[in-house]
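Residue numbers (the working numbering), protein chains in the order written: chain A, -6 to 117; chain B, 342 to 837; chain C, 295 to 787; chain D, 3 to 94.
What the hints contain is simulated information worked out from the structure, not anything from laboratory work. A hint or two may mislead.
[To be verified] No more than 30 angstroms apart at the CA atoms, straight line, and that leaves these computed lysine-lysine pairs for DSS-like: (1) C:Lys651 with C:Lys666; (2) B:Lys753 with B:Lys824; (3) B:Lys700 with B:Lys753; (4) B:Lys700 with B:Lys450; (5) B:Lys753 with B:Lys703; (6) B:Lys450 with C:Lys562; (7) C:Lys562 with C:Lys393; (8) A:Lys21 with A:Lys116; (9) C:Lys651 with C:Lys562; (10) A:Lys116 with C:Lys651; (11) B:Lys498 with C:Lys666; (12) B:Lys505 with C:Lys666; (13) A:Lys116 with A:Lys22; (14) B:Lys509 with C:Lys562; (15) B:Lys824 with B:Lys450; (16) B:Lys498 with B:Lys450; (17) C:Lys393 with B:Lys498; (18) A:Lys116 with A:Lys26.
[As the list claims (entries may be wrong)] Pairwise CB distance ranges (calculated): (19) D:Ile13 with A:Leu115: 29 to 35 angstroms; (20) C:Leu592 with B:Asn817: 49 to 55 angstroms; (21) C:Leu751 with B:Ile362: 46 to 52 angstroms; (22) C:Ser752 with B:Lys824: 54 to 60 angstroms; (23) B:Ile348 with C:Ser296: 45 to 51 angstroms; (24) B:Glu574 with C:Asp596: 38 to 44 angstroms; (25) C:Asp776 with B:Gly620: 49 to 55 angstroms; (26) C:Ser752 with B:Ile557: 50 to 56 angstroms; (27) C:Leu297 with A:Ile6: 53 to 59 angstroms.
In this text, a Cβ means the ideal position worked out from N, Cα and C, and glycines have one as well.
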Amino acid sequence: MFDFILSRYNYWIYIILMMIGLYAMIGKKNLIKKIIGMNIFQTAIILFFISTAAKRGGTLPIIEHAHGAHPIQAASYVNPLPHVLMLTAIVVMVSTLGVALAIVIAIYRRYNTLEEDEILNLKR
Amino acid sequence: MEVVYSISPLLAMLASLMGAILILFAGERNRNLREFWTILASVVKFSILSSMAPLILAGKTIEYTIVNICPGVYLQFRVDAFGMIFALLASGLWIAVSIYSIGYMRDLKEHAQTRYFFCFAMAIFGAVGAALSANLLTLYMFYEILTISTFPLVAHKETPDAIKAGRKYLAYLLTGAAFVLFSIGLTYYLTGSLDFVAGGFVGGHGSRNLLRLLFITFMIGFGSKAAVMPIHEWLPSAMIAPTPVSGLLHAVAVVKAGVFCCLRVILYVFGPNLLSDLGIWLILAYFVSFTVIMANLIALTQDNLKRRLAFSTINNLSIIILGAALLSSNAIKGSMIHIPFHGFMKITLFLCAGSIYVKTHKELISEMDGIGRLMPFTMGSFTIGALGLTGIPPVCGFISKWYLCLGAIEAKQLIFLSVFLISALLDAAYFFPIVYGSFFKKPNGMNPRFNEAPLLVVVPIVVTAIFSIIFFVFPNAFLSFFKMATIATHDILGRG
Amino acid sequence: MSLHSPVLAVVIPLICAFLALLFGWWRKNLCYPITLVALSSSFLASLNTLHTVITTGTIRYHLGNWNPPWGIEYVVDHLNALVLGIISCIILVVGVYSKRSVEQELPEKIVFFYTLYLLLATGLFGIVVTGDMFNLYVFLEIASLAGYALIAIGEDGAPLASFRYVIMGTIGACFYLLGVGYLYIATGSLNMADLSQMLPELYDSRVVLVAFTFFMVGLALKMALFPLHTWLPDAYTHAPSTVSALLAPTMTKVGAYVMIRIMFTVFKPDFSISLFPITSILGWLAAAAILFGSIMALAQVDLKRMLCFVVVAEIGYIGIGVGIANRTALIGAILHIVNDVFMMACLFLAVGAIVYKIGTRNIYRFRYLHRKMPLMMALFVAGGLSVVGIPPLCGFFSKWYLILGAFKADKWIFVAVILVSSLLNAILFFRVIENVYLEPPEAGRSLEEIPTDEAPLSMLLPMFVVVAGIILLGVFSGRIIDVVIQFAIPPSI
Amino acid sequence: MRALNLFAVIITGIILIYGTQDMPDWADPRSPASTHVSPRYIEKTLEETATPNAVTSVLADYRGYDTLGETTVIFAAGISCILILRARRQER
């Protein structure tokens, strides 16, 4: 049992991070807090992906030795694919964040507040 | 049965579709051109249809397939004797009603006439399409086109009452259509086919109770259009529409299409054998008998002429369904010929009502005393129509009622024979006071001088009235309705 | 040429987006022609793709010439070739339409508008043709980002609606990405074809179950399936007319396509139908969506908002077809994707034209509209009747297949739901039709005095195309099924 | 409402944790992710792309198309921000 928890604790930590982020996204009334939640959520996903790349005993996926000296062992380098995916995902998430902030600015200019319920009151 | 492949059903359909489009293009500015298209389309359509009649009378059917819809179901026309009766009736009366409409609408300076004539053409398109359909899905398509295109006609006056009537019309008919769609889906699920077969095709598929349910949903669906009680309420309300529309609704297209579909389902989907096996025909027969009697009793109490005629229509529609439900050969024949005969007589009556309205703006029977002296042609035609609906010779209504009564005897159902007879008595009871009052009572406050409606209005009335008499003397005159009904009956019963 | 057509369909709008920005800097009115050129070449490429798929079967295109599963692969089979063709057609049509409406509503932002418009098109096309799970995510985000921004520049409430859409959309996309991550942990692959081969052995793995759940929830958010539709009505109501007309037909339908793709290609039908009974849950949710959408639509007086709820209901139709999950119902669902793209485009384009001309969307202020815009209103009625399900307009035929499918699956309650919603739709559209056509004229003012003030040709022409599409799709639905759709359904169903 | 949100979040978390039960142990070199597709990127990167850094070779070559998409996202985001923000200023 302890082994089981120990071997997966990293995933669990990210999942807890995700839950925090998700709660902020759907539960908070302040728009900026929602965006912060979104960021936490996305970061948790990035960490989750990266952690799948890990290999015990693996090192950076940069091939050091020259051709032909030893056959290259995949097991001795960590998995490069999740890193690549997350490089893309980080950019995507930053872009989302940027657009979200731009929209928040637009909202603030119109309503002079960032509290969702106050905005709804103003609209009424 | 020999099948002839021919494009003429499609051409007949295109005639009214093109007519409708041309009417739209002509628009309000070119009124004469627009009316010309209306008449031309109706004449072309009728002549194409009647050119097919000889083949039908020779016992053949005409087929034309447009496109596949789903496995085993095509968008397809198949003209058989029964469909031909209805198609000829609808397109033939369209000519009369078009001419009449032109006179009526111009005389009353109605608004939105382009929309009116467009929808009229579309309604006929739908009705004839339903008549020529080879299967339930094609039938449903044209049935819906008919329903939708009639809505603007019902609500034509655009007064709050008219809009309310239009809503009621749609509510009843679209709900009915939902039932129909349900039934068609179920039929396809059970049998994998939707093609009409004389004598029915659903037998042997599904459990008996499922088939009973199917029959009931079919009857609720199509019955809504045929104004079977208790789903008839929309029809009297729809009387608010201009009179030619009421004529179209009652005599030509809409309710007749409902009745036509009911008969299609009874005779070509279920078939007499299956229905008598399921025993459900008796329920249907009692149900419509109730409508037959009730509608006439209500008609007695109506003072508005058009409403009285509306209940008379409800009565006659149920008589037609009752005839088919009796499942005997004479009754089926009688109900089939009652479709066109009632059409001719009822349209005469409605056009008369319109003619009175055009001239005197009167709608209440109690105000019509002595009107026969003003409008002898109109009221003379009215008398012919009334006699016919009561079933008195020498008007064609007698023939159909005679066969219906024979059919009731043949089916050994004397109770339904008495239904026919009582209904005829009641017919007399509410028609003859009108005739009597208009000719023999003194008009109050009216100048009893000859003052007939415009020519375009009167001529169609007289023509349809004369036809009602001709059909008595020669039941096979012109269109051979009687012979077609015989062929259709033979097809249906001959197989079982 | 035909070999490259799927990728050309995606890349041409992308390149032209840069060009539009570049040339737009110099001359503002160059954007519109560039957009049209891009979209029409994209459309031609899609047609070519569709033709190739029909004649020679599935196209596999290896980007950068790396074999899958190592590289990214485009896989175009009958399903996505059809969706690609339809979507590119509508995007082009809306593009043609956009000119006047954008000039009126967003005069200052034409350049950026068209740039984003093309990027949105790129994103949607990319989602449809790709055969790689992660690539799909990237293009999903391109489309979504462009969508967020385009919605945010709408009328008064638009930024807030758009912000909510950002939040919900991001949750959806992140859930999808989580699903990809879980599948990656379980299999090590991102390629759809590769995954579908490896997954059957792992169907009892909890990782795969969770991945599947997250795909479904994420996509349900993206396609606005009840009860996760909450972002849609606000967002599409407040967006500029052209944007709603672009997003309402395409975005949700692409979401539905992805859902079908994942349920029946990445995962095998026996998993989605029996091992993990997502289809029955989906069916019930969709039935609720249909009723909810139709009833909520009844409560609206704003025509556009009403249509937004109709979109929610229409998504339900697709969902119900997928939920019933037999061959007939799936034909209905896919046919409904196709039909719905055209019907929604028709309705939203008409709303755009109404707003352009009279500046209100309140259906009780549509009096005389049939005098002002006779053609536009006639076309609107055609679209409305199609949604109601009047044959021979296309909306009927997908309903017909859905009803047949429901009968075959013995789900009579779904038949009832579909029929009831047709009636509710009838009330909806006849209410509008009544207000347009039958409102009695004001006292002392005859109808003849009201001048005709028809929408410009650049709006009418697209409407004609769309309505022609609605009629032709209806009449030839049997043919479309024979040639394309029947091959789009996995043979094991 | 608050309870409902919390409930949804907790359900999500539970489902996610439920899924981890069948995952390979953390950093297990025999996990599918480490053995199925990715080894080729490491073993062949020098040979096929002449790039010692496997991440770079995947980013720019094997899955270069994703990177094109990534730059497009940035482009879209930039245009979006201009579109949203500039518009407001002009309205004033």
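The hints, checked one at a time:
For the suggested pair lysine 651 of chain C and lysine 666 of chain C, the alpha carbons sit about 9 angstroms apart, so the restraint of at most 30 angstroms is met. This hinted pair checks out: lysine 753 of chain B and lysine 824 of chain B have alpha carbons roughly 25 angstroms apart, not beyond 30 angstroms. At most 30 angstroms may separate the alpha-carbon atoms for a hinted pair to count; lysine 700 of chain B and lysine 753 of chain B exceed this at roughly 49 angstroms. A threshold of 30 angstroms between alpha carbons decides the hint, and for lysine 700 of chain B with lysine 450 of chain B the separation of about 13 angstroms falls inside it, so the pair holds.
Only pairs whose Cα atoms come within 30 angstroms are accepted, and lysine 753 of chain B paired with lysine 703 of chain B is rejected, the gap being roughly 46 angstroms. Distance hint between lysine 450 of chain B and lysine 562 of chain C is unfulfilled; the C-alpha atoms sit about 67 angstroms from each other, more than 30 angstroms. Straight-line distance between C-alpha atoms of lysine 562 of chain C and lysine 393 of chain C comes to about 44 angstroms, which puts the hinted pair past the 30 angstroms bound. A hinted pair counts as satisfied when its Cα atoms are at most 30 angstroms apart, and lysine 21 of chain A with lysine 116 of chain A qualifies at roughly 19 angstroms.
At most 30 angstroms may separate the alpha-carbon atoms for a hinted pair to count; lysine 651 of chain C and lysine 562 of chain C exceed this at roughly 50 angstroms. A threshold of 30 angstroms between alpha carbons decides the hint, and for lysine 116 of chain A with lysine 651 of chain C the separation of about 26 angstroms falls inside it, so the pair holds. A C-alpha spacing of about 20 angstroms is found between lysine 498 of chain B and lysine 666 of chain C, which places the hinted pair at or below 30 angstroms, so the restraint holds. As the CA atoms of lysine 505 of chain B and lysine 666 of chain C are separated by approximately 25 angstroms, the hinted pair is consistent with the 30 angstroms bound.
For the hint linking lysine 116 of chain A to lysine 22 of chain A, the alpha-carbon distance of about 16 angstroms falls within 30 angstroms, and the restraint holds. For the given pair, lysine 509 of chain B sits about 49 angstroms from lysine 562 of chain C by alpha-carbon distance, which is inconsistent with the 30 angstroms threshold. Proposed proximity of lysine 824 of chain B and lysine 450 of chain B is contradicted: the alpha carbons are some 43 angstroms apart, above 30 angstroms. Of the pairs offered as hints, the one joining lysine 498 of chain B and lysine 450 of chain B holds, with about 12 angstroms between alpha carbons and a cut-off of 30 angstroms not exceeded.
At most 30 angstroms may separate the alpha-carbon atoms for a hinted pair to count; lysine 393 of chain C and lysine 498 of chain B exceed this at roughly 39 angstroms. In summary, the hint linking lysine 116 of chain A to lysine 26 of chain A is supported, as the alpha carbons are separated by about 21 angstroms, within the 30 angstroms threshold. For isoleucine 13 of chain D and leucine 115 of chain A, the hinted distance range of 29 to 35 angstroms is satisfied, since their beta carbons lie about 33 angstroms from each other. Separation of leucine 592 of chain C from asparagine 817 of chain B is about 54 angstroms and conforms to the stated range, judged on CB atoms against 49 to 55 angstroms.
Distance hint check: the CB atoms of leucine 751 of chain C and isoleucine 362 of chain B are about 20 angstroms apart, inconsistent with the given range 46 to 52 angstroms. Checked against the given bound of 54 to 60 angstroms, the beta carbons of serine 752 of chain C and lysine 824 of chain B, roughly 59 angstroms apart, stay inside it. Take isoleucine 348 of chain B and serine 296 of chain C: their Cβ atoms lie about 38 angstroms apart, and the range 45 to 51 angstroms is violated. A beta carbon spacing of about 33 angstroms between glutamate 574 of chain B and aspartate 596 of chain C contradicts the range 38 to 44 angstroms that was offered as a hint.
Hint check: aspartate 776 of chain C to glycine 620 of chain B, Cβ distance near 42 angstroms, so the stated range 49 to 55 angstroms is violated. Checked against the hint of 50 to 56 angstroms, the C-beta distance between serine 752 of chain C and isoleucine 557 of chain B comes to roughly 53 angstroms, which is consistent with it. In this structure the hint that leucine 297 of chain C and isoleucine 6 of chain A lie 53 to 59 angstroms apart at CB is violated, the actual value being about 47 angstroms.
Checked against the numbered hints given earlier, this structure breaks hints 3, 5, 6, 7, 9, 14, 15, 17, 21, 23, 24, 25 and 27; the rest are met.
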